[in-house]
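Number of protein chains: 4
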Amino acid sequence: MGPKATPDQTDHVVARLEEAGVDARVSRGREATVIGAIGDRELLATLPVEGYPGVEQVVPIVKPYRLVARELAADPTVIEVDGRRVGDSYFGLIAGPCSVETREQTLETARVVAAAGGTMLRGGAFKPRTSPYTFQGLGIEALELLKEAKAETGLPIVTELMDPRHVDEVVEAADVIQIGARNSQNFLLLSEVGRAEKPVLLKRGLSTSVEELLMAAEYVAKEGNDRIILCERGMKTFETSTRFTLDLGAVAVLKKETHLPVIVDPSHAAGRRDLVLPLARAAAAVGADGIIVETHPQPEQALSDAAQQIPTSEFAAFAAEVGAVVALMGKEIG
Amino acid sequence: MGPKATPDQTDHVVARLEEAGVDARVSRGREATVIGAIGDRELLATLPVEGYPGVEQVVPIVKPYRLVARELAADPTVIEVDGRRVGDSYFGLIAGPCSVETREQTLETARVVAAAGGTMLRGGAFKPRTSPYTFQGLGIEALELLKEAKAETGLPIVTELMDPRHVDEVVEAADVIQIGARNSQNFLLLSEVGRAEKPVLLKRGLSTSVEELLMAAEYVAKEGNDRIILCERGMKTFETSTRFTLDLGAVAVLKKETHLPVIVDPSHAAGRRDLVLPLARAAAAVGADGIIVETHPQPEQALSDAAQQIPTSEFAAFAAEVGAVVALMGKEIG
Amino acid sequence: MGPKATPDQTDHVVARLEEAGVDARVSRGREATVIGAIGDRELLATLPVEGYPGVEQVVPIVKPYRLVARELAADPTVIEVDGRRVGDSYFGLIAGPCSVETREQTLETARVVAAAGGTMLRGGAFKPRTSPYTFQGLGIEALELLKEAKAETGLPIVTELMDPRHVDEVVEAADVIQIGARNSQNFLLLSEVGRAEKPVLLKRGLSTSVEELLMAAEYVAKEGNDRIILCERGMKTFETSTRFTLDLGAVAVLKKETHLPVIVDPSHAAGRRDLVLPLARAAAAVGADGIIVETHPQPEQALSDAAQQIPTSEFAAFAAEVGAVVALMGKEIG
Amino acid sequence: MGPKATPDQTDHVVARLEEAGVDARVSRGREATVIGAIGDRELLATLPVEGYPGVEQVVPIVKPYRLVARELAADPTVIEVDGRRVGDSYFGLIAGPCSVETREQTLETARVVAAAGGTMLRGGAFKPRTSPYTFQGLGIEALELLKEAKAETGLPIVTELMDPRHVDEVVEAADVIQIGARNSQNFLLLSEVGRAEKPVLLKRGLSTSVEELLMAAEYVAKEGNDRIILCERGMKTFETSTRFTLDLGAVAVLKKETHLPVIVDPSHAAGRRDLVLPLARAAAAVGADGIIVETHPQPEQALSDAAQQIPTSEFAAFAAEVGAVVALMGKEIG
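Residue numbers (the numbering used here), protein chains in the order written: chain P, 1 to 334; chain C, 1 to 334; chain F, 1 to 334; chain H, 1 to 334.
Bound conformation, chain P alone (with noise of 0.2 Å):
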């Protein structure tokens, strides 16, 4: 309560609380009075006790999301698609085109990363630009050139859901389905991909919180698919000279929180091919349990984020330099 709350405002907000079957503790200080409320979380997360008057402030004690928290496992989640292995001990590797652009250009980037020891292959079929003028996507084309790469070198595919009217083609073609960071708070979206058989890469938003990416997971969980892979890819923040701010800690207090594999994306991070390497390995050095990598025969040519790729030529030289951290946290590429 605020330090001008009358009496009658505490015990107001007592009665309402009593009311709605929770326990309320009153602690009256010098300086303050502080109501302690102890009840069902899902319960409390629908009183409005911010509203009543001569409250200041509330404070929630317990986490908001359960599902996903790290309590509610006894091991790490292990997300397992046709033997390939993405958490725990097992560090996912996983790379393709920014966008899926003609046939040869998909399946050589798969020949690529499959002989690189890869673990999946990710390509965009609709990609979200933020301008309407650029190239957005050759959309279910792209799916079926994802599931040809994928019958000739037997690595799963991991593409983007953008439409929730797209969501049969999307689960049907991909093996893992991506969210994208600007649909991170779709929560429609991911309420679809909780009903779907399908895992999901969920990528954190450009200005999302841990806290709100591990609520975005739970609208997954809640809807009964806790097969969920979270992915870092950079925040929104004043600096520049990276096109976001790569933010690693979150991954290393992910690890604690969530019993849900932590990957990173240190491409669209970066911005430029330079950093992607020193970013993935320090991703795998702070505990990740993977990357999403872009990489592209001819990035000059790419139709999108032509800046960031790495050239095929040089990927498998990178997933050797990546590999080394990876077994040096004693984890193996699943």
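Possibly wrong hints are sitting among the right ones.
The list makes no distinction among identical chains, and a pair is therefore deemed to hold if it is satisfied within one copy or across any two copies.
[To be verified] Calculated cross-link-like contacts (lysine-lysine; reagent style DSBU-like; alpha-carbon spacing at most 35 Å): (1) LYS331 / LYS256; (2) LYS147 / LYS198; (3) LYS4 / LYS147; (4) LYS4 / LYS222; (5) LYS150 / LYS4; (6) LYS331 / LYS222; (7) LYS4 / LYS331; (8) LYS222 / LYS147; (9) LYS63 / LYS150; (10) LYS256 / LYS63; (11) LYS63 / LYS147; (12) LYS198 / LYS4; (13) LYS256 / LYS4; (14) LYS4 / LYS63.
Hints listed in this document are in silico derivations from the structure and should not be mistaken for laboratory results.
Put chains C, F and H on the given structure of chain P with help from the hints.
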């Protein structure tokens, strides 16, 4: 070009630009070489120049938006709906509950807003909520209640569209379709409403820059719908004493950059009732074309945003206070 | 206590708190144990509770500042200097050049500010500049020019102190000692001016929170000097269309949290001349107690901040526009 | 030039540039006119071009720092102190208590750091604290204890200088003078240590950009002292699950932009002990030239930063874990 770029790399960039039909001019300084590329804006946007070897920095000189740019229109755009107006000399006073909860709450609020001279009624049918365990809105049922409120009071309805599968229902019920902050860069939803016959109220995302907001509006306009109201509602920053940081500087910039009306949502930025009036007055004084605020007959019973809704009993006084600043700025409530 | 805290760890915390003379009350919920610590605020601040085993979170309920808190004073503080006033119903219109450059520039500006009814004259003698290769201010020589301007116009002088070794000279020449944004948490400088006999104008740092700003003011007040004017001047955020993000929400919060006057610097926040008037009006409308703006006889010749200074030829019109909002808010220029 | 700039305004800008001895070249596009100004970097920095009428945007192409730029030095700089080295292939492991509190605490910590192969001892004598009511450091007395610790262990001393009036004492006692985050843009302190004969450890401020940090280092170097170690220690952002957001991308950028060594402070960024090791490993893996961490014999008794100090009993294990990543990166602890 970077300091280590070779003449060959410079020639390569020039050749690629010329191939694409762009005029390229090279200035060689002692410490850097600058290539000026002059050509069609949309064409330039598609060239992956930043991926060419030796390129250090790409600096767009021409703005990436066009249809929404101030220069395009002789006069500021006025959005007119059922005789109510927002833009230029008309200040939109848009108010209503955060969520539509009951028939009585909705009608009572609508009457108060109408009596105080409000321009439109806002009310959420579909609510994006951080937690899956909280109230998610009444959905389609709420749209019926809003239509009833309009029938009684004549106030046009502003309500949010979240799901592209609800376009028909929302477009039918709403007079102005709101795109919420978390969908500010949901480009497919933007394209959808770009094809609708109703005006769009587009909120700035929590970490959307002014330029990105204008690009989002460009998505809508590109599909043919240029009846767009932009809305500043607060940014995610390090400051926690307000729920979000209201960026009135962005409003001042937008008024110079675009012909579209720009309004402000002080309620969501503040997150607390006692700051709504000062921020609403500041919005009017900075030159905004309107505000959108939350009001509720019994805020402490509200199912969402209880802390920030103004009691309807205080709404007329609030409207009068804001109206005084509006009048001083030479405008009238639309 | 965290979810894995043992009863022993809880007992240990309680024992340590009681040893220190703090009253500790334990509430055990199903999902967490909360220890309420009630005692002297300053004592509590010195206990390293967050370092005790098992402690997950320390939530301060009582605010950490005291002397500057709203509750301490019956009425808002008014800073009076030579008959000019800032605070409560007096709006301070403080204006002058970014830097003192020449005698003529300084006197001409002072005359214009005085003629337009300005409250005080600002002018930088020592300039903190990002680059060591740019103009650093005239130093001591500038102080003499400011004194001359005061002698002629009667306007009290606001100028910045950067170096604790210049305290005597600046205190002697200045009527109000400015602490700049980059020194907002230079605690030793704050203590120095806390021992001075002159009022202090304390700018908020680029990433200083409202609470940290109040703690900085507490440093000054603790040494005995409670004549402090707080100043919001823009935050460092991801948005680049303005030089800094002016946080008028913080002004509204500060007006509720402290009895000290709160003013706004729209010039540094905007970084461009054409936004200064809208932001100044918004500052007056949000309830600020004044503004501090930059004006120069020939801005394009200015040695610093050329882009944002208002030409002195336009200053009287500017002052009149702002004055109209001040009057509407029931205040007068002090 | 902005879209409405007149030919006269363009001519005016060109004339002013040429007057100043700068070569100006005009490119007229359909949508904008661009003036390329080629001349001495320091001269350009002093021209207030952004203030000339019609100018819309000034885009610096050449970087504003010179002495600290990567191009200036053939090889990365190695800072050597008493046979200990930081930079290039030497990784600095700098450790010690947050604050020097007692003789016993200081000596015990120094012995542990030396035994684990640490490079230098850190310890705060003067502490910048947000609250005036908390421990402010032992001051001069602490410097004596640090000298004693050095005499016994041979570890060079890193300690912070806050007050230009303490330059002599701190320079005499310290082997490396630390400039703290809150003084990162205290330009006069930077100039002071630029004239000192000791290396400088310069921390990045909480909202200092990479470019601003390099400009701050340029202040030091301009006075003649180019023995500078840069230190990333976390930014102020919206994320609160760590105390600050550690920006390892900035470290990767700095390694490309400057010849100076770049180290990381994981302790202050994390704010909690259990995140220090993962972040230290990530720092080594991203290519940092060292870390500076806090360790204390009994963290829960610490007078500052209790939550983040590593117990000295765990320091050897910590050093070994970090050392493994250092070795993998082809470096040795210096």
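The hints, checked one at a time:
no., hint, in the structure
1, LYS331 / LYS256, "both (18 Å within a copy, 30 Å between copies)"
2, LYS147 / LYS198, "within (15 Å within a copy, 40 Å between copies)"
3, LYS4 / LYS147, "neither (65 Å within a copy, 42 Å between copies)"
4, LYS4 / LYS222, "between (41 Å within a copy, 24 Å between copies)"
5, LYS150 / LYS4, "neither (66 Å within a copy, 41 Å between copies)"
6, LYS331 / LYS222, "within (30 Å within a copy, 47 Å between copies)"
7, LYS4 / LYS331, "between (57 Å within a copy, 27 Å between copies)"
8, LYS222 / LYS147, "both (30 Å within a copy, 33 Å between copies)"
9, LYS63 / LYS150, "neither (40 Å within a copy, 41 Å between copies)"
10, LYS256 / LYS63, "both (13 Å within a copy, 30 Å between copies)"
11, LYS63 / LYS147, "neither (40 Å within a copy, 39 Å between copies)"
12, LYS198 / LYS4, "between (53 Å within a copy, 33 Å between copies)"
13, LYS256 / LYS4, "between (39 Å within a copy, 12 Å between copies)"
14, LYS4 / LYS63, "both (29 Å within a copy, 14 Å between copies)"
When the structure is compared with the earlier hints, violations turn up for hints 3, 5, 9 and 11 and for no others.
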